[in-house]
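Asker: Sequence:
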Amino acid sequence: MSVKYTKIAKIEHVAGFDPKTGYYAYSKDDKRYIRFGNTLLECEEAPLKFQEQGKYTYVWYGSAGRFELYEGNALIKSIESDTKLLNRETEYIGCNRFDPDDCLVYFNVMSPFDAKPILRQDMPYQLYIETDIIIAYNNLNKEDVCRIDRDSNILWSFPLVDLGEDHVYTPGEVDRIVKILGVVGGLLWFKTDFARLIALDITTGKPVYQLSCNPADEEKPQYKMVEGIGHCYLREEDKAIIGISSSGFQAIDPSTAEVIDRFIFREADPDGIGSYRSVFHPLLQGDYFTFLGEKEREYSGIRKVGIFDYKTRKLVWEGEVISEEEYRAKGNHLVAPQPLYMSGSKLYIKDFQDTLHIFQRES
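At position 42 of the sequence shown the residue is numbered 187 (our numbering), and the sequence of numbers has no breaks.
In case anyone wonders, no lab produced these hints; they're calculated from the structure. Check each hint, because a few of them may be wrong.
[Said to hold, decoys possible] With a straight-line Cα cutoff of 30 Å, these simulated DSS-like cross-link-like pairs (lysine-lysine) come out:
#	residue 1	residue 2
1	176	200
2	261	165
3	200	222
4	149	165
5	194	491
6	155	475
7	176	222
8	491	152
9	475	440
10	491	475
11	287	369
12	324	491
From a predicted model like this one, the values you see are computed outputs, not experimental measurements.
Please take these sequences and the hints and turn them into a complete structure.
Answerer: Now the structure itself:
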C-alpha cells in the first residue's frame, strides 16, 4: 500500500458532520454540542447536516427543518422551520409547506441571508438549481421532470412514463429520478431507479441519450446498453460521467455518451480491490474513490474501508474501522449509506452506532 492512515479519534453519539471543515455535532450526558474547530457550542438539538458554502456553513436540524447560517463559529441567520438543504451547486436553500387541502408538499427556494422566496409561487416538485437553471421533478407521483423559470412558468416537461417500464423487476411501475448529476454541454444528466442514465436537452427537454444496464431495456431501440452503472458522479476535471459498481469502473463522455474508460476490479487489481466480495457506496473524490467492503471468506459484517486510485488502477490503502471482536460483542458495523470521506490528510466515517471515526494520514 502506498499510503498509511492511523485512527486518531472516535467520537460517540454524533448526529451530523462535515468532512470538509471537520465540524460535527454530538450528544453527551443529555447535552448537545456543535464543534466548530477549537470552539465548542452547546445547543438545544444536535444538527443532522452541515454544508460548506464558501466562507459560510449551513447547519440543518431535522426535527422542524430549522436552518442556521454561520460564518466561522458566529451565527448570522436563523430560520426556525420548514427548510431543507439543496445541492451544493447553489447557494440557495429550500423551503417547503404542507397544504392540507390537497395533502401535497409545496417547495420553493430562498436566499439564506434574507429568507425571501425566489420563485413567484410554490411548486409541488422537488427542486435542483444550477446557476440560472431550475429543474423540478416529482418522485412521489412519478409524473415528470421539467424546467421552470423564476416566475414558476414551466418551460418544458418530460413525462417519466416515457422512459418505459421495467417488466423484469418492477412491472407496471413508473421510473423515478434518484440523482441529478448536473448540466454538461447543454444536457441535463440524471440517473433513475431502473438503472438508467438519461440526458435531456436543457433547452427543449427532448431526450438526447438514454443509457441502461437494465435487462428490461435490451430490446428497446431508444436505449444503448452499458455495463453496471452503479453509483454515478460528474468528474470535476472534465465532467465525464463516472459510474462505479460493486464489480467495476467506467467513464462516459457526456457529449457523445461513449464509454471512454472501463475496467473490472478482479482483472485490474486482483490482490487489491479485486479481493473484496462486495464493494459498498463507492464515493468519487478526485483521482480516487473510497468504499466500504467485505472480503472473500469474511462474514462478520461491513467493517473495512479502502481507497482506490482509479488512474493507476490500484488499491492504495485499506483499513479496519470496526474490529471483529467489537462486531461479535456489540453488533457494531459500518452501514452502506454512510460512505468514507477524504478531506485533506484526514478520513471520516460514521458507524451503525453513530460513532464518528477519524483517521490521519501518516507523513
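Asker: For each hint, tell me whether it holds in the structure or not.
Answerer: Consistency of the hints with the structure:
1. 176 <-> 200: OK: residue 176 and residue 200 at ~28 Å, within 30 Å.
2. 261 <-> 165: Judged against 30 Å, a Cα distance of about 28 Å means the pair holds.
3. 200 <-> 222: It holds: about 14 Å lies between the C-alpha atoms, which stays within 30 Å.
4. 149 <-> 165: holds (20 Å)
5. 194 <-> 491: holds (19 Å)
6. 155 <-> 475: This hinted pair holds, its Cα atoms lying about 16 Å apart.
7. 176 <-> 222: OK: residue 176 and residue 222 at ~23 Å, within 30 Å.
8. 491 <-> 152: holds (9 Å)
9. 475 <-> 440: holds (21 Å)
10. 491 <-> 475: holds (26 Å)
11. 287 <-> 369: At roughly 23 Å apart (the allowed maximum being 30 Å), residue 369 and residue 287 satisfy the hint.
12. 324 <-> 491: Roughly 27 Å between the alpha carbons, so the hint for residue 324 and residue 491 holds.
In this structure, every one of the numbered hints holds.
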